[in-house]
Amino acid sequence: MEDIEHIEKEIQLVDANERRLDGRALDELRPIKIEAGVLRRADGSAHVEWGGNRVLAAVYGPREAHPRHLQNPARALVQCRYNMAPFSVSDRKRPGPDRRSVEISKVTSEAFSAVVFTEQFPRTSVDIFIEVLQADAGTRCAGITAAAVALADAGIPMRDLVTACASGKIAGRVALDLNKEEDNFGDADCPIAIVPRTGEIVLLQMDGHLTEDEFDRAVKLSMGAAQKIYELQKDALRRRYATTALDEAHEHAGVSA
Amino acid sequence: MTAEVISELMREHIVKLVASGKRGDGRAPEEIRPLKIQKNYIGTAEGSARVKLGNTDVLVGVKISTGEPYPDTPASGVLTTSVELVPLASPTFESGPPRPEAIELARVVDRGIRETKTVDMSKLVITPGEKVWVVFIDIHALDYDGNLFDAASYGTLSALSCAKMPGKLSGGEDRPLPVDHWPVSVTAAKIRNMIIFDPQLDEERIADARLTVAIDENGDIRAMQKGLSGSFSYDEVRYVISTARRLGNEVRGIIQA
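Sequence lines, in order, name chains A and B.
Residue numbers are given in my numbering: position 84 of the first sequence equals residue 84, and the series is strictly consecutive.
Residue numbers are given in my numbering: position 81 of the second sequence equals residue 81, and the series is strictly consecutive.
Just so you know, these hints were derived from the structure itself, not from any lab.
Note that beta-carbon positions come from the ideal geometry of N, C-alpha and C, so glycine has one too.
Some clues are possibly wrong.
In silico BS3-like cross-links for lysine-lysine, where the CA-CA straight-line distance does not exceed 25 Å [said to hold, decoys possible]:
id	chain 1	residue 1	chain 2	residue 2
1	B	Lys123	B	Lys39
2	A	Lys33	B	Lys52
3	B	Lys36	A	Lys33
Chain A is faced by these chain B residues, among others (derived, beta-carbon under 8 Å) [as the list claims (entries may be wrong)]:
id	residue
4	Ser48
5	Ser65
6	Ser82
Can you build the whole structure from these sequences, using the hints too?
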């Protein structure tokens with residue numbers, strides 16, 4: 001702990017030019033790359049690189065819900081499992097769910113239940129699996145962003161994608177998309193997931209200290225960023241199906257790859 | 001893990017193919033799938049590798065820390081291997097504590113590494129009886145299309161070969177983990193009376209018996225594991241070993257490249 005306090009005093013999260021440790025402006029996202037359809041066996045999948053985060057999401061279903069007593073005769077369940085690989089963080093994480101993972105899994109399931117047309121698939125379950133392979137703060141948002149693309153890739157009917165991005169407060173300033181140092185030494189973190197077309201918030205968490213005004217600015221930053229991420233999600237899906245269509249056209253024309 | 005179901009039609013089709021010396025993906029019986037290895041895939045791990053064996057996709061992370069040796073081996077480091085068959089990788093994998101399949105897989109990979117003295121455990125001692133290097137090997141299945149044994153073995157060796165012992169924990173500089181031997185596992189499956197190597201999922205599903213052989217750089221056998229309910233004759237075992245020596249050499253070249 002002494003070490004951490006020492007570093008905290010030394011570390012200057014925002015410099016005189018309002019630039020952050022990694023050179024970003026306060027309202028700037030880390031680089032994000034999204035790829036859809038990366039796993040063979042899953043019904044839908046996506047990989048998201050988001051700064052130092054690397055997250056895989058897979059979707060299976062709609063399929064028979066287990067255990068059976070959970071089945072809902074009127075609609076499908078949306079079940080999510082968020083899991084961190086033991087090697088995804090600097091001190092090895094013990095495998096399996098801990099309380100944090102269980103909570104994230106729950107709020108993520110709830111976020112997606114808001115957009116999936118669950119009434120179309122009674123008694124079934126749509127299972128979302130999020131694996132954090134490398135963590136650099138903001139893994140739940142990266143996971144949700146990946147899972148939305150995976151759901152679309154699986155052909156699950158939805159009102160819209162879900163897009164997530166956190167904002168927070170570092171060195172007394174509201175900032176978008178905190179990285180690990182900023183999360184550790186910052187003053188607040190506030191992950192938000194929205195339905196981009198309507199602006200509905202389907203996930204909202206916050207820890208730390210924000211004034212009302214700061215919270216407003218944080219939400220605005222996240223909402224603005226979500227629209228950019230939404231474009232990246234749609235682009236990933238277009239690229240995925242553009243290639244498929246092209247491959248099929250080639251196959252029909254007898255052209256080999 | 002619920003059982004992999006396969007239709008009778010598919011079963012007959014595969015049996016017919018194998019009987020005529022062919023396979024569903026065009027390989028010869030003794031041919032392994034294309035192997036792609038990306039070392040140092042995970043920044044938060046001390047060593048890592050992502051391995052694609054055909055469509056089977058495995059990520060291995062090595063975490064290294066310091067700790068106390070076991071009381072009965074005060075002059076030896078500690079090495080443990082775990083496997084997570086996360087439900088992202090297959091519709092038949094379920095969350096929860098490791099099932100027998102995962103434990104068998106971890107133990108077979110562990111044996112291949114340990115019995116070969118791949119990592120010289122006596123070189124992992126910092127202060128005898130007090131402080132040693134502790135090496136965690138975590139095998140994370142991402143996409144299951146058959147033969148996790150070999151994919152996990154190649155990933156583990158690759159990840160160990162690029163792993164670093166962090167100097168900040170021992171008060172020195174980062175040093176590469178000492179890797180002295182290069183055991184490579186090769187797995188064969190028996191379908192009726194025919195033997196094929198590196199079974200893909202459909203072949204694995206109908207296999208009667210499975211044999212994994214770990215071969216070192218001198219062509220010596222370092223570990224073996226027979227699985228499933230069928231049997232092998234002695235001649236069949238010898239055939240598997242001699243083929244494994246040849247295939248093992250090819251694979252070792254790819255891992256060391």
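Structure-based check of each hint:
For the proposed pair Lys123(B) and Lys39(B), the alpha carbon gap of about 23 Å is at most 25 Å, so the pair holds. For a cut-off of 25 Å, the pair hint linking Lys33(A) to Lys52(B) stands: about 21 Å separates their Cα positions. Annotation: proposed proximity of Lys36(B) to Lys33(A) holds, straight-line Cα distance about 22 Å (limit 25 Å). The beta carbon of Ser48(B) comes within 6 Å of a beta carbon in chain A, closer than 8 Å, and the hint placing it at the interface holds.
For Ser65(B), the interface hint holds, since its Cβ comes within 8 Å of a Cβ in chain A; the closest pair sits about 7 Å apart. The interface hint given for Ser82(B) is met, as the beta carbon of that residue sits about 6 Å from the closest beta carbon of chain A, less than 8 Å.
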